[in-house]
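Protein chains: 2
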Amino acid sequence: MRLVRYRSDAGVRSGVVVAVDGSDRVVDLGPAPLTQLLAEGADAVHDAARRAPASAPRLAGLALAPPVRPGKILCLGYNYRGHVPDGVDPTADDPAFPDVFVKTPNTLGGPADPVVVPAVADDVDYEGEIAVVIGRRAKDVSEADAPAHVAGYTILNDVSDRSWQRRQSQWAMGKCFDGFAPLGPWLVTPDEAGDPQDMLVEVVRDGVVTVSQSTATTIFPVASVVSYLSSVMTLEPGDVISTGTPQKLPEAQEAHRPLRPGDAVTVRIERLGELTTTFIGGPA
Amino acid sequence: MRLVRYRSDAGVRSGVVVAVDGSDRVVDLGPAPLTQLLAEGADAVHDAARRAPASAPRLAGLALAPPVRPGKILCLGYNYRGHVPDGVDPTADDPAFPDVFVKTPNTLGGPADPVVVPAVADDVDYEGEIAVVIGRRAKDVSEADAPAHVAGYTILNDVSDRSWQRRQSQWAMGKCFDGFAPLGPWLVTPDEAGDPQDMLVEVVRDGVVTVSQSTATTIFPVASVVSYLSSVMTLEPGDVISTGTPQKLPEAQEAHRPLRPGDAVTVRIERLGELTTTFIGGPA
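One line per chain: the protein sequences are A and B, in this order. In case it helps, the UniProt record's numbering puts the first sequence at residues 1 to 284. In case it helps, the UniProt record's numbering puts the second sequence at residues 1 to 284.
Here chain A stands alone, though its shape is the one from the complex (with noise of 0.2 Å):
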């Protein structure tokens, strides 16, 4: 299934996506977060695609909000084989441990959001990843026990500035502008998601693929970062964890600009779809 969460008049709401006549709609399913939905049990929410009314509304006319709303929006670094820090030989061995970092509440963003290249940053970059969502609260799963407490799947872009990202050691000032993750633009759930680890994993700017790099090759799972970050943290029904982004493709390395004011980057993923993101100009 796919699950949507769209400002309404009557606030946001959830819905779950139906092909009618071979276009999408949204079936209403009511203010309650998707996660609590999907707690209750999923059956019923199959049960209102299947009763999807002719009146339910067209997915392409809906203001998507973030499928979820997350407490912390954990995120992993050098997660794909070939991205690894500047000066390190990619073909170096794998970490040992996932690297980990956060992103603050404020950067979240709808899957329609623009995000507003702020006056003060100027080395503004893309990273398109797959966003695991977490359905049930984690601590201490085992790696065989934590599919189970996973929602399903999105898209997030790991929207980060580069000079405030290296002006210190550590990340945050780089990752957590107002808006710098934007989020869907649905929850897939894993039974329609499928592998995690076999994923293709794209990004495209300009019209040309900048990233294109299987799930295949990330150095930890989702299973094992699942039980990696609970065995620290209590994981909470709407959290997500964002995986990590692959390197660039060499000529896109070589042809890489900032983004500015005008640009679009799409990220696309197998099972998952497609996540615009549009960079505008912000106040002075």
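It is worth saying that the hints were derived from the structure and are not from the lab. A few of these clues could be false.
Between beta-carbon pairs, the in silico distance windows are [to be verified]: (1) A:V208 - B:D191: 56 to 66 Å; (2) B:A92 - A:A92: 44 to 54 Å; (3) A:E192 - B:S163: 38 to 48 Å; (4) A:A63 - B:A119: 41 to 51 Å; (5) A:Q253 - B:D43: 30 to 40 Å; (6) B:G11 - A:G30: 52 to 62 Å; (7) A:A96 - B:P85: 15 to 25 Å.
SDA-like mimics (lysine to any residue), calculated; alpha carbons at most 25 Å apart, straight line [as the list claims (entries may be wrong)]: (8) A:K139 - B:R69; (9) A:K139 - B:G282; (10) A:K139 - B:V116; (11) A:K139 - B:D113; (12) A:K139 - B:K139; (13) A:K139 - B:Q168; (14) B:K139 - B:R69; (15) A:K139 - B:A39; (16) B:K139 - A:P283; (17) B:K139 - B:A39; (18) A:K139 - B:F279; (19) B:K139 - A:S23; (20) A:K139 - A:D191; (21) A:K139 - B:P114; (22) A:K139 - B:P147; (23) B:K139 - B:P105; (24) A:K139 - A:S227.
On the chain B side, residues computed to face chain A include the following (Cβ under 10 Å) [stated by the list, open to error]: (25) K72; (26) Y78; (27) D93; (28) D94; (29) P98; (30) F101; (31) K103; (32) S169; (33) C176; (34) F177; (35) D178; (36) Y228; (37) V232.
Where a beta carbon is used, it is the ideal one built from N, C-alpha and C, also for glycine.
With chain A's structure known, arrange chain B on it following the hints.
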């Protein structure tokens, strides 16, 4: 004023501390968060304090909760002169920018809540810090305007496991164990807290003072930090900015051993009070 949140049969409530006949008592202010009460006007709180009934409960008998529930806990590294990364000359030049990292919401603890030393953490340490509480939404505020966005000050023990912190480039895993941010005991409003750049920060462990340094020696003062952070992210009421720890005294560095169940650490800060945290064992 000293303002508290306390746990009652009617849920967590706000209160103001008043001295009645030589003992501290708490006048109930209802369920609204402290930052909301202050935003609505400190006069009403002052009035409530002046009308303190003789029946107001004793502070010592109340179960205090964290004074705020921050959406973000932002922390500074290396903000006191003499506290530098391993291998760096402590007399070296000041860093050009604050080093900022994030503690996740699961780290928050009340002032009397014990901290569980996780079975997987064998190098737990304390950091006694002044925590700035944001009172009014702040984005792109100048240093001159920053103080108007501060609700007050409290104490945070930035509990950290050094081995987890140093496993990788980013510190999140060592900083974000459940309960690793005890906060309190109360919010002290700026009029009572006085100059935040003239406070003595001390830590007492096993009856020995292990840290003793004035905030006069911080590299980035509070107004500068609030302004700097607000240039990147919108700060919200209740957000906490923990301003970094001084280096331990030389004898304390030599005698240091990791915290174990049964240990207790007191952070005491001039005009802000004391935060004593006990460390206990957890499930294996």
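| said: Take the shortest C-beta to C-beta distance between B:D93 and chain A; is it under 10 Å? | reply: B:D93 check fails; min Cβ-Cβ to chain A is 14 Å, beyond 10 Å.
| query | Quick one, are B:K139 and B:P105 close enough, alpha carbons at most 25 Å? | reply | Holds. B:K139 to B:P105 sits at ~22 Å (cutoff 25 Å).
| said: Between the alpha carbons of A:K139 and B:G282, is the straight-line distance 25 Å or under? | reply: At roughly 13 Å apart (the allowed maximum being 25 Å), B:G282 and A:K139 satisfy the hint.
| field | Pairwise hint evaluation, A:S227 against A:K139, where the allowed Cα distance is 25 Å at most | value | Status holds; Cα separation ~8 Å.
| task | Have a go at the B:D94 hint: is there a Cβ in chain A nearer than 10 Å to its own Cβ? | result | violated, 12 Å
| field | Status of the hint placing B:S169 at chain A (closest C-beta pair under 10 Å) | value | B:S169 check passes; min Cβ-Cβ to chain A is 5 Å, inside 10 Å.
| query | Keeping to a limit of 25 Å between CA atoms, is the pair of A:K139 and B:P114 held or broken? | reply | Answer holds: A:K139 to B:P114 is near 18 Å, not above 25 Å.
| field | A:A63 paired with B:A119, Cβ distance criterion 41 to 51 Å | value | 47 Å Cβ-Cβ, so the 41 to 51 Å window holds.
| Has the given pair, A:K139 with B:P147, been kept, meaning a C-alpha gap of at most 25 Å? | violated, 39 Å
| said: Taking 56 to 66 Å as the stated bounds, is the beta-carbon spacing between A:V208 and B:D191 within them? | reply: holds, 58 Å
| Pairwise beta carbon distance, A:E192 to B:S163, judged against the given window 38 to 48 Å | holds, 40 Å
| said: Against the range 52 to 62 Å, how does the distance between the Cβ atoms of B:G11 and A:G30 compare: consistent or not? | reply: violated, 26 Å
The structure fails to meet hints 2, 5, 6, 12, 15, 19, 22, 27, 28 from the earlier list, while all remaining hints are met.
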